[in-house]
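Please model the complete structure; the sequences and the hints are all you need to start from.
Protein chains in written order, with the working numbering: chain A, 1 to 318; chain B, 1001 to 1318; chain C, 2001 to 2324; chain D, 3001 to 3324.
One thing to keep in mind: the hints can contain errors.
[Said to hold, decoys possible] Not the full set, but computed from the structure, chain D residues with beta-carbon under 8 Å of chain A:
hint, residue
1, I3033
2, P3057
3, A3061
4, L3217
5, F3300
6, N3311
By construction, these hints were calculated from the structure, which means they are not laboratory data.
Quick reminder that beta carbons are idealized off the backbone N, C-alpha and C, glycines included.
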Amino acid sequence: MDNSVLIDMLKKMVTIRYFEESIYDVYTRGLMPGLAHLYIGEEAIAVGVCENLKRDDLITSTHRGHGHLIAKGGDLNKMMAEVIGKETGYCKGKGGSMHIADPDLGIIGANGIVAGSIPIAAGLGLASKIKNDGRVIVCFFGEGASNQGAFHEGINMGSLWNLPIVYVCENNLYGISVHQSRAQKIKDVAVRAKSYDIPGEVVDGNDVLAVYDAAKIAVERAKEGLGPTFIECKTYRWGGHHVGDPGTAYRAKEEVDMWKDKCPIKRFKSLLIKERVLSEPEIERLEEKVKKDVDVAVTFAKESPYPLPEEALEDIII
Amino acid sequence: MDNSVLIDMLKKMVTIRYFEESIYDVYTRGLMPGLAHLYIGEEAIAVGVCENLKRDDLITSTHRGHGHLIAKGGDLNKMMAEVIGKETGYCKGKGGSMHIADPDLGIIGANGIVAGSIPIAAGLGLASKIKNDGRVIVCFFGEGASNQGAFHEGINMGSLWNLPIVYVCENNLYGISVHQSRAQKIKDVAVRAKSYDIPGEVVDGNDVLAVYDAAKIAVERAKEGLGPTFIECKTYRWGGHHVGDPGTAYRAKEEVDMWKDKCPIKRFKSLLIKERVLSEPEIERLEEKVKKDVDVAVTFAKESPYPLPEEALEDIII
Amino acid sequence: MREITYAQAISEAIAEEMRLDENVILLGEDVGILGGNFRTTTGLYEEFGEERVLDTPISEAGIVGCALGLAIRGMRPIAEIMFGDFLCLAMDQIVNQVAKIRYMSGGRIRVPLVIRTNIGAGRSSAAQHSQSLHSWFLHTPGIESVMPSSPYEVKGLLKSAIRDDNPVVVFEHKMLYNKKGEVPEKECLIPIGISEVKREGGDVTIVATSSMVGESLELAIQLEKEGISIEVIDLRSLVPMDEETIINSVRKTGRLVLVDEGVTRGGITAEIATMVMEKAFDCLNAPIERVGNENTPIPFSPVLERYVIPNREKIEKAVRKAIK
Amino acid sequence: MREITYAQAISEAIAEEMRLDENVILLGEDVGILGGNFRTTTGLYEEFGEERVLDTPISEAGIVGCALGLAIRGMRPIAEIMFGDFLCLAMDQIVNQVAKIRYMSGGRIRVPLVIRTNIGAGRSSAAQHSQSLHSWFLHTPGIESVMPSSPYEVKGLLKSAIRDDNPVVVFEHKMLYNKKGEVPEKECLIPIGISEVKREGGDVTIVATSSMVGESLELAIQLEKEGISIEVIDLRSLVPMDEETIINSVRKTGRLVLVDEGVTRGGITAEIATMVMEKAFDCLNAPIERVGNENTPIPFSPVLERYVIPNREKIEKAVRKAIK
Ligand SMILES: Cc1ncc(C[n+]2csc(CCOP(=O)(O)OP(=O)(O)O)c2C)c(N)n1
Ligand SMILES: Cc1ncc(C[n+]2csc(CCOP(=O)(O)OP(=O)(O)O)c2C)c(N)n1
Ligand SMILES: [Mg+2]
Ligand SMILES: [Mg+2]
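This is how it looks when you write it as structure tokens:
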């Protein structure tokens, strides 16, 4: 793999991490309305997958969407401004964290309905097939989403029509407070791929290269017209379900600590150092740069104006 | 197996056949309002399964429900009266063919919503588990229903909580006009059992003894607290989707004829004769008796009064 | 003028739009090889092939979600939900996704899609195949809806819906599918959001929807003999609603009867009545009358079904009350 | 009297009923170990164990269907749908199954079940977590619904709902969960179907629902200083609706302002307005005023959200218009 790709992946992962930390900071300082669901701990998945995508490939995302959006190239200023409800945000303040979309970058939107985007992904993929334009769709969702009816209906269509879709299940073991084992009997969500006669694979979701490799094969299959692939990435969210949830009522500190030890960024950094792709000082510089970008985004967002109240009546029926 | 069980099964299968033929007759003579979905050709499934049930075990059914209801002991008079909208019908004329229920016999109702009863079955089974009363639930549905979200949500719950449910998928190859292969990529719906970590089995749905045997094991598993079993029965509906559909626009005559050759009743009769359980004249007498019962039901239904119009306002909020 | 059925008018409308714009595609249960459960899509599979006329699995949420994905990609999908009752299975995709994505994205994503479905009892199809659920959509911002009352209306409104850049639900009527009516051979487009005065009159205004328009017109002819002059308005569009045509008529007649097949309680006739009260309070010479379904599910047996659904006699009673 | 929060009143109501009747069980997403996303079920899992307090998979249709199966078996399930917006995912089970099975079976099957969910914007939760969809249920025969406005109301109505032999939807309000109010320590049951005059007045009647009751009461106190005397009715029950209390009040005041947080168009206030017109046409001295959500999804940014949802200023404007 090209060094530039590796460096880009590290940069994206670090960007997600700082972006999310800033969101938490903005939230605790009372600058953010509503809530946000942080992606800290899961960065390797969005990055490993999206590194395989071109600008005009498409993704659908979830309530926990910032990571996917950044990995697909989302603009930090517009994202942060949206998260705090400003006019300069991606959705002019109408959407907020859970509804950010940028169709120009193939970002079809975060989604506040668990599994809500899985049937939509089928339509996006069907359009690729009809137009024969080679655009691949990546559909992200959690293990909790895999118990929704929409999951079943959407993937059945994707498989039936052999659509160029990569289903990426981010198995972070919990749906809010409910452990996977209390919501489904299976251990690997990937076994559900059999229900649709598509390949299903389990990868270490904290190993960005493993994710990258699995996604690469899946994206190639999609482009070759071989239909969808299901990739389950085992991972963990470090924080609570959302910024306001300490995440301690339903899981043991030891469990959280164990997963923090498996930090996908720390691990990838060590690898890059070991493989001499980057030196420690180089990584520090990269991190400084990223921090600055995120800080710029925070400042941009804070200084941006709120929308005018009357704009609430716009952007509906044409 | 006891001869009396074999004879009872033949009798039930023949009853279903004649009942359905009478419905068709009643329909074509303009005596029946609305529509009905006939079970002709699939009799072995309902009978093979329900022969394993006790009176207080429960079933949920579908739009194509007459066979299930008869197999579970449904009263022919009340069924026929309901189908033609009379006061003496199971639901006093409010339900019709698609909504017949008899909770006293554990018949929780046909259902006009494809897959609609699958989540309900989870609740019925959960009640058995909570009450620890050993009542088993059989949940019937078609292969078409297996593409509904409710199928997925319902069975996931059944498996998660280890409920005493037997899922019986009647794969008659079509959902209205759509061949299974045009609605799902898999060939055996039973593979979907893997998604829920429950046993899944394929049986010849036109062989009543094969169905009986598979259901027997499943019912025993349920009673022992081992959770659900998924049984897919391969079969075929001889007629159109409903009484008004010739069923010829979307399938070849040869296909229909081939399946008529595999008639589950003819096949079971031959077996009973071969095994000397019944002689041909005995079977004829049994058929005469059944015919008479069905004729009585038709007469009962025809001669029964319609409900009073104002009754339409009853049986709603208590 | 030539007469065709409502069902034929539907397939003609779809065929014409599919010929004009390759982005128009149709998907739904049994819309392909069978030509539709109500024969509203006959010939389309044969003409346009399975790439553009898709038989789907039995997955209503999937159908609408898939249509939404297509629309986001710039196509113009027409999704059929076989019975209006099955909208219940797709409400999340319709209400939380289709109707909101344009707004939530700050206008960045457009959703030019059509959901074809139906309303109506009268066929002894019982409680799960007879509902008229259109009024929910009046209460759902972000989605348009129309209720064509005749072959002509369904052709013209459906074609407009397909060309519309907003999501539109077309509520057809099961009892109309086999009804014939005049439909011009030439291009026929009816703008969404405009009601039509189908018959002028001075004593009382009837605003009716869907199949109730025909009933109301027949009643108007019948009561004319008694010297009662009824103005009949075909609402045509639920959203946006043409308030002006209604208000103008009420200003003239001072009396209003509202007829719609949904359950009366909480339905569209309440909204129209309230709107009229808000905008023309002083013009009303009598309480507004509502005619609709009784407050029950639709029962199966014909005697029961007839009792709960609206019909000409019930409209007549309401008219007589209004003019008393 | 002691004060507890609305959320506490909910868990207290459930706990009391669970102690009284072992058939009462609770299921929903995160109702167990977490004690509810809005902390409305704290302590229940600990007291009653996982057999009676079930954390479910994220399967709203499954949750309601499962509750229905339990109810058919004679249990009294309480199913929680975490946000009212997610009702959309369970509409088939609610509307086509729960609300109809008693009727379709000719009365043979009873469904004593409760669906707890909520309405309400005001927390910047954006379009998919802020809707107030209760009015749809006014238009759905076969199911009751209530909208408690305070800790006392939620306790009393929820307990009655649990004991009711009909299915009942309890629409809680997100902005009320943390509000405190007086709740008697002794048995507290509020009958379903009865509204309450929360404040008497002579100039104008406000009928309000849910959190709008509190807003209306505050307004009434405020305007009293100007000599405007407002009667405030807490609707409490959507279905069945207590028409009499409303009509009696309007007979007295002649003026009516309706306040409900759902989208105004096609919502419950239209039904109440029309009902009043039908039953007390001659008593109205002014057009009825409606206050509710603008006709848009709920936007995220607080400035936008405030603009579209109802509040005290908007109610005040409507009151002033009504008495002008
Ligand atoms: C249809 C629906 N039901 C419930 C919720 C509430 N909810 C938001 S996130 C969430 C958990 C989702 O779990 P999972 O899919 O594993 O994603 P994760 O949060 O773990 O990333 C739930 C239940 C929702 N937003 N939508
Ligand atoms: C939710 C829903 N969607 C569509 C229909 C219309 N419909 C009735 S039966 C049927 C086919 C069902 O196929 P399958 O489950 O295989 O049962 P079969 O009719 O073959 O016995 C369809 C699509 C329905 N009743 N409910
Ligand atoms: Mg998760
Ligand atoms: Mg089938």
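Hints and how they fare:
no., hint, in the structure
1, I3033, "holds (5 Å)"
2, P3057, "holds (4 Å)"
3, A3061, "holds (6 Å)"
4, L3217, "violated (26 Å)"
5, F3300, "holds (3 Å)"
6, N3311, "violated (12 Å)"
Checked against the numbered hints above, the structure violates hints 4, 6; every other hint is satisfied.
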